[in-house]
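Chains as they are written, first to last, in this note's numbering: chain Y, 300 to 682; chain L, 300 to 682.
Misleading hints may appear alongside valid ones.
When chains are identical, the list treats them as one kind, so a pair holds in a single copy or across two.
To be verified - Mimicking EDC-like on lysine to aspartate or glutamate, the simulated pairs with C-alpha atoms at most 16 angstroms apart in a straight line are:
1. K332 / E361
2. K412 / E379
3. K320 / E304
4. K315 / E301
5. K356 / D329
FYI, nobody ran anything at the bench for these hints, they're computed from the structure.
2 protein chains.
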Amino acid sequence: MENFEFFNPTRILFGKQAEQKIGKLLKKDDIEKVLFVYGKSSIKDIGLYDRVVSSLKKEGIEFIEHGGVKPNPVLSHTKEGITKAKENKVDAILAVGGGSVIDEGKTIAVGAKTDKDIWEYFKRDKVIKKALPVYVILTLAATGSEMNGFAVITNEETKEKLSITSEHIFPKLSILNPELTFTVSPQYQAYAAVDTIAHVIEYYFSGQYCPNLQNRLIETIIKTVMETTEIILDEPQDYNARAEFMWSATLALNGLTRLGIKGGEFPNHMIAHSLGALYDLPHGACLSIVIPAWMRWYKDKNHKQFERFAKEIFNVNSAEEGINNLKVWFKKIGAPVSLRDAGIVESEISRIVENAYNIAVVWDMAQKYSKEVLTEILKNAND
Amino acid sequence: MENFEFFNPTRILFGKQAEQKIGKLLKKDDIEKVLFVYGKSSIKDIGLYDRVVSSLKKEGIEFIEHGGVKPNPVLSHTKEGITKAKENKVDAILAVGGGSVIDEGKTIAVGAKTDKDIWEYFKRDKVIKKALPVYVILTLAATGSEMNGFAVITNEETKEKLSITSEHIFPKLSILNPELTFTVSPQYQAYAAVDTIAHVIEYYFSGQYCPNLQNRLIETIIKTVMETTEIILDEPQDYNARAEFMWSATLALNGLTRLGIKGGEFPNHMIAHSLGALYDLPHGACLSIVIPAWMRWYKDKNHKQFERFAKEIFNVNSAEEGINNLKVWFKKIGAPVSLRDAGIVESEISRIVENAYNIAVVWDMAQKYSKEVLTEILKNAND
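Only chain Y is shown next, with the shape it has when bound in the complex (with noise of 0.2 angstroms):
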């Protein structure tokens, strides 16, 4: 096992009605005004807005609103959110929504706290030394955000998405409430699916030494993820499925899924970030499409672990069987298995390929992933 640090002290509330106790722990943490992010209008939907305002009210505690984030959520928003946070001087963030609510949220915790501007912090040209507190309701289980120190934003100008890390951005406190999550469509569930196995099984494959401790917890959440959307797509309101999934995903990206592995790195997410950025399509959808064209090129740099996980997960003997398999299987969920089937043609791979590097040479892994890796890799994916 290699060496490594353990720390994550955000406080989980999961379960049922969960989300009506909010007033009361803002007022407990002697929070007195807020910063109130969300996104669309799917919260109104749900009549989560309504209880969450009226559990606000409840206590005295003042709001500002920002809603309107996006899927993929955007600079100049985000920016807008910063002013409102220093204009009102709020004392938190309370962000209800999935991990782009959350994210935009915690981003605008940093900005409030600075004058510089808060993309120097994506470009990695800046330390973050503080942030307000965020508070989490979450309504989307699938970026692991609500229990972790890391946010995605996209500047929507030079079109990079880009991710800050720090322990001052992990929510003091996230609830989850599955039953909040009963009506994510078949489609995002599918792509929240992807997501919650791409963040396992980056590390996974990409490190030079996995310990079976961590093989093992990694295998646990995947087999978990694929029994339970399956039970949800066929039953959207089953309440164990709905919970058990929800919570593999937060463990999925908590830091526990990598800690003790050798090397690793995250180059799904980096060509998936570069497809998110260009297209604006669903991160999870990104992944479908990265994830197998990956697997091909990389199986046979780590070719043991790709046989490890054929028979683990699907109990087939060879490491071909266990990609097809895979990629078989976001196709069953209804996810996107080839740049064919979100409608980019194949003349746009330079384009990518340009994007992703950009992101490689900021994430230091352009060494390995060169512009001829890349493209290489977006061929896989293009059938």
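Position chain L against the provided structure of chain Y, taking the given hints into account.
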């Protein structure tokens, strides 16, 4: 899944030579004076004492020594530590050792901040409101105390072994260097394996519903503990085996494995605590005696889960075979599996029953664990 709250703020520093950073890490937290809690001579034998002292001196951190913690830490020695902590106005506790040292350290941390009799907190008559910060260097992986809010102390006068639980006694930082466990004897490694398995199977079996995610997570830990223990007994200096075992023991009782399980109790620990209090046996040895006996008594109350355990862990088909296989494995690694193995004669059973029943009352489990039931379980442990 049942509703749950999860919060675990302990920072883990895991890896080779990590203990050498202790002085710097304390200084970073503005700690100027610590109570240095440890057990017998073992930390001196392996040179750890000298390394800790040198690291503290280098950073100018004062320390008051409180050595001599017993394997089942006792109230009188703990009270001496509380007096030292108060008289010397220490800022923090530095516990260097295994679970016993950490548990005594945590208890001193609470005692140093109150004028009440510390035993009142164990009798659950008082709620813990504050504690000094606790820093840990772990030398024996087993109890999980390095990353949780529990502590167990034995009142040697009343022969009571009781526990406290509070968010205030989570260690602030725990240093886990697997190399420090190279000298753990085969016997203590066996007890540690039993203890870790015990921590994950209590809820797994005694709960009324265990989500598949949790079943798999628990089985991941059991499989890793069994696999690595066999390697360690064969090759005590196998770093990766020691490391995977160490982290498995931490994960087993840091809160994660019990989340979402319906119901569930710690009956094996309850009875094992009595054996520990009455005969001063190592905790793991008490558990390996109690577990197969309790399983035989309980198996028909949750038959499907016992069959699952048999299949997943030993690839056998009946609950009975699963229990027998576990008992055989305990024996194989050198742990006692009957009262007789520990030199306790049958006529002692009534005395153990009286003691265990008292714990059952404190733990609010006396309705299920009547004296008749406890007698039946202990009779199972007689052969």
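Numbered hints the structure breaks, given as an ascending list: Of the numbered hints given earlier, the structure breaks none, since each of them holds.
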